[in-house]
Amino acid sequence: HPSEVVKKGEGVEVVVLAIDKEHRRISLGLKQVQDDPWPTLAPSALPFGANWHVPREIATDEMARIRDSFVSAAKRAVRIGFEAIELHFAHGYLMHEFFSAVSNRRNDAYGGSLENRMRYLRETVQAVRAVVPREVALGARITASDWLDGGITIDDAVALAKALKADGLDYLCVSSGGL
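According to the working numbering, the sequence shown is numbered sequentially starting from -7.
Distance ranges between label pairs, derived from CB positions:
#1 Lys154 - Glu14: 30 to 40 Å
#2 Glu14 - Glu107: 37 to 47 Å
#3 Glu54 - Phe74: 25 to 35 Å
#4 Glu14 - Gly73: 42 to 52 Å
#5 Ser61 - Asp162: 13 to 23 Å
It should be emphasised that the hints constitute simulated quantities derived from the structure, not laboratory data. Computed from a predicted structure; not experimentally measured. Here a beta-carbon is modelled for each residue, glycine too, at the ideal position from N, C-alpha and C.
Go ahead and model the full structure; you've got the sequences and the hints to work with.
Written out as structure tokens, the structure is:
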């Protein structure tokens, strides 16, 4: 059964994530069960599931530091000759979490409305585009649907795509799920 613990070890449990009976596949995941797990940041202090640790809601100064890290990485990529840079805004990573209303319950300028939930992604793209020459392709991988009630929809993804194009992206790589 999904969420069933199948093995316990030192500080971790192996958990069944999904079962595909048709193709006889099982997806497993590791769950940290230490009393003091590594620190994690998220748009909102919401655990992944029952009995998971609660991430700390990221502060705006930390958001700026992470955005600046994207910029620093892009500068390094340009300096060593990359011809394309793709920002990863999908698959449950931090930017995906900001975009999805499922994981973003903030009540500041970065949460609530679709426009607000797109804000951090847009600020990051604008900051990166400012240091990436036009001859270097700049893209992003985004999620088109969370496949969850209240999550990202195709219409949300289209709105984000249009906004990111206006912010200077050259292409998108679109996937789904992963939150």
